Amino acid sequence: MARFSALTGRTAALAAVLALLSAPVLAGAPKPEIPRGKGDQCVEPTEVMRRHHMNFILHQRDETMHRGIRTKKHSLAECINCHVPKAEDPARQVHADSPKHFCSSCHTYTAVTIDCFGCHSDVPQETGVAKEDLVVPVHGSAPALDLEQEAARMVQAGGKAE
Amino acid sequence: MSENRTTDEGRRQFLGGTLALGGIAVAPGVFLVNVAGAKPADQPVTDKVRWGLLVDTTRCADGCDACVRACQEENGWGGPDSNEVKSSDEQKAQWIRKVHLRNKQTGSTHSLPLMCQHCEHPPCADVCPTGASFRRADGIVLVDKHTCIGCRYCMMACPYKARSFIHEELHGQKVNAPRGKGTVESCTFCVHRVDNDREPACVEACAAEGRRALIFGDMKDPDSEISQRLKRLGVRQLRADLGLNPGVHYEGV
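Top line first, the protein sequences correspond to chains A and B. Everything in the first sequence is counted per the working numbering, starting at 310 for the first residue and increasing by one. Everything in the second sequence is counted per the working numbering, starting at 2 for the first residue and increasing by one.
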């Protein structure tokens, strides 16, 4: 009898957890509406960007800040230039505090708070950087980012944001 | 004296000619001597160059603030559109300021712009607890705002009072000059321009005014205009006694 009730209890708990997990789905939590970017293809495959965009940006951040490397491929400014449409009327421009903004659309859904736009521009602006092929870096390739290594490093760091 | 100068100028022209020949391409994209500043975007900066600025105070006019306005426009600080509405004038951002000097004994006056002096041994970087203040290989002193915690030790350490702290939330920052609340900032020598082979905004504005009181260039290139000008008499660093070896030099003070 005791055994039975323990089992029942466990099942009930499991059911409760499952119910909690599926609740938003049942309630139909609105999926983010991700605005389409310019062009056909991002600088990396979509699934890679979804999982690793923060690593690319973080890597590029230090390269640019400390070593003056200004390739466009993984630059935050170029993310914005492609993914945030420029409104003709400045009053109608979508900013990072709106869930319609490309970055905010997903970050709102996943409850991720970023502070990039406390300093960085959240709307497209001319960078004045020399024209360069966006997808294929010139002069061979920029130092490639080992995604597996990068992911392992993040796991080690306990998934903490830097 | 005048004879010496003629000889020197002859030598300079000769050296200049030789270096110009050295810069000629032997094949497309391959140079005998790498021309300073022409850095590909994917290459890191090196210590083969050291950027410096010469301020010719004899050409700097009292009342002209073209350099300050150009810096504000380029980097998005100050000006009528500034978001810093609650800060006092002393608290507000000041990347570059015009300073007026007057010798009390003789009454002689000077007007000059003062900004980050881009020291070889920057005290701001020495005292920074997080490594946010640092000196790039090419001599440009910067604040990495990603690691700046806003403690403002650097502001106290700087003998030139060249840094400021942002007290308020900002909006509409320039893409090339990210800046935000809780971080320290100062002149960057317009690093985004320098990396693209352009001169800082203040230098361009001064030339556009027809004054050319600001000369920017590579101090390690013996052929550059700034290297030639630094040899002149009356060129000095501010507070050279501190031994910081600033990259900014002043002529005529």
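None of these hints come from the bench; they were simulated from the model. It is possible that part of the hints are untrue.
Below 20 Å or equal to it, Euclidean Cα-Cα: the simulated SDA-like pairs (lysine to any residue) are [claimed, not checked]: (1) B:K146 - A:H368; (2) B:K175 - A:E397; (3) B:K175 - A:N364; (4) B:K49 - A:N364; (5) B:K146 - A:N364; (6) B:K175 - A:D349; (7) B:K93 - A:H368; (8) B:K232 - A:V432; (9) B:K221 - B:S112.
The structure displayed is predicted, hence computed values, not measured ones.
Can you give the numbers of the hints that this structure goes against, from lowest to highest? 3, 4, 6, 7, 8, 9
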